[in-house]
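Student: Using the sequences plus the hints, can you model the full thing?
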Amino acid sequence: MIIDFHTHAFSEKIVEKAMSKLTATSGMKPYTDGTVNGLLEIMNNSGVDKSVVLPIATKPSQQRIVNSWAKEIMSDKIYAFGSVHPDAEDALEELDRIKESGLYGVKLHPDYQNFFADDEKAFPIYQKCSDLGLMIVFHGGYDPMCDVIHGSPKAFAEIHKKFPDLTMVLAHLGGMYRWEQTERIIAGTDGNVYLDVSCIAGEIGQDILKRIIEKHGTDRILFASDCPWDDPANEIKMINALDISQDDKEKIFYKNAAGLLGIKC
2 MIIDFHTHAF SEKIVEKAMS KLTATSGMKP YTDGTVNGLL EIMNNSGVDK
52 SVVLPIATKP SQQRIVNSWA KEIMSDKIYA FGSVHPDAED ALEELDRIKE
102 SGLYGVKLHP DYQNFFADDE KAFPIYQKCS DLGLMIVFHG GYDPMCDVIH
152 GSPKAFAEIH KKFPDLTMVL AHLGGMYRWE QTERIIAGTD GNVYLDVSCI
202 AGEIGQDILK RIIEKHGTDR ILFASDCPWD DPANEIKMIN ALDISQDDKE
252 KIFYKNAAGL LGIKC
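In our numbering, each number is its position in the sequence shown, counted from 1, plus 1.
Source of the hints: derived by calculation from the structure; they are not laboratory data.
Each statement offered as a hint is correct.
Below, computed lysine to aspartate or glutamate pairings styled on DMTMM-like, alpha-carbon distance capped at 20 angstroms:
#, residue 1, residue 2
1, Lys-238, Glu-204
2, Lys-78, Glu-13
3, Lys-51, Asp-34
4, Lys-163, Asp-132
5, Lys-122, Asp-132
6, Lys-155, Glu-121
Tutor: Structural data, given as structure tokens:
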């Protein structure tokens with residue numbers, strides 16, 4: 002089994018506009034059309050059994066719309082997260098609705114949402130998520146949409162110190178193109194701090210990838226692709242090429258994710 006812990010899709014109402022803007026800004030060629038059906042197709046082609054879809058509320062006004070859509074798309078193959086915006090006055094109330102809706106966690110993208118991950122204005126969100134048992138997936142490191150790094154390994158380490166019971170998933174192995182910092186600051190951190198491997202195939206060296214995984218422990222590494230911005234097949238090939246045991250690969254491919262999502266395998 003393979004569970005992709007980091008994918009994106011958009012509702013039919015906004016998918017064309019969203020994909021056009023993101024493609025133009027990033028200069029990246031998407032691997033799907035950005036729809037849920039497109040995601041399901043590439044999952045089938047690459048051998049992925051289940052995917053986590055991570056919507057992002059880029060404006061305070063988008064919270065309820067995004068989260069209602071996320072609930073609608075859930076199935077035996079699609080596990081959706083919700084999102085809140087740190088500037089929304091009703092962010093904490095929306096977290097209650099996310100929990101009640103059965104969504105599996107919260108996606109925050111400090112670059113798209115224009116806040117620094119360790120800004121105190123986001124602390125009530127972190128505390129509420131910790132209290133509700135909602136994990137947070139953070140975008141980490143570089144993003145082509147922004148010249149400033151809003152989510153750094155150092156910031157995530159500070160969040161973990163202040164909210165040790167919060168389950169955090171740090172995308173792009175702790176921070177895109179900030180892997181030396183991940184190795185030095187994040188890898189080996191105690192507690193519920195997970196690293197996903199989304200969109201790093203072909204970008205990271207196998208040596209530092211293996212060092213980070215070994216230092217952090219294979220129990221807290223999650224397979225992920227960032228589809229449609231990468232093909233899951235690329236990350237599958239990257240993990241299979243690692244000189245680690247088959248049991249460790251199975252943890253990364255699905256066992257760790259199944260534990261977080263409550264999936265019986």
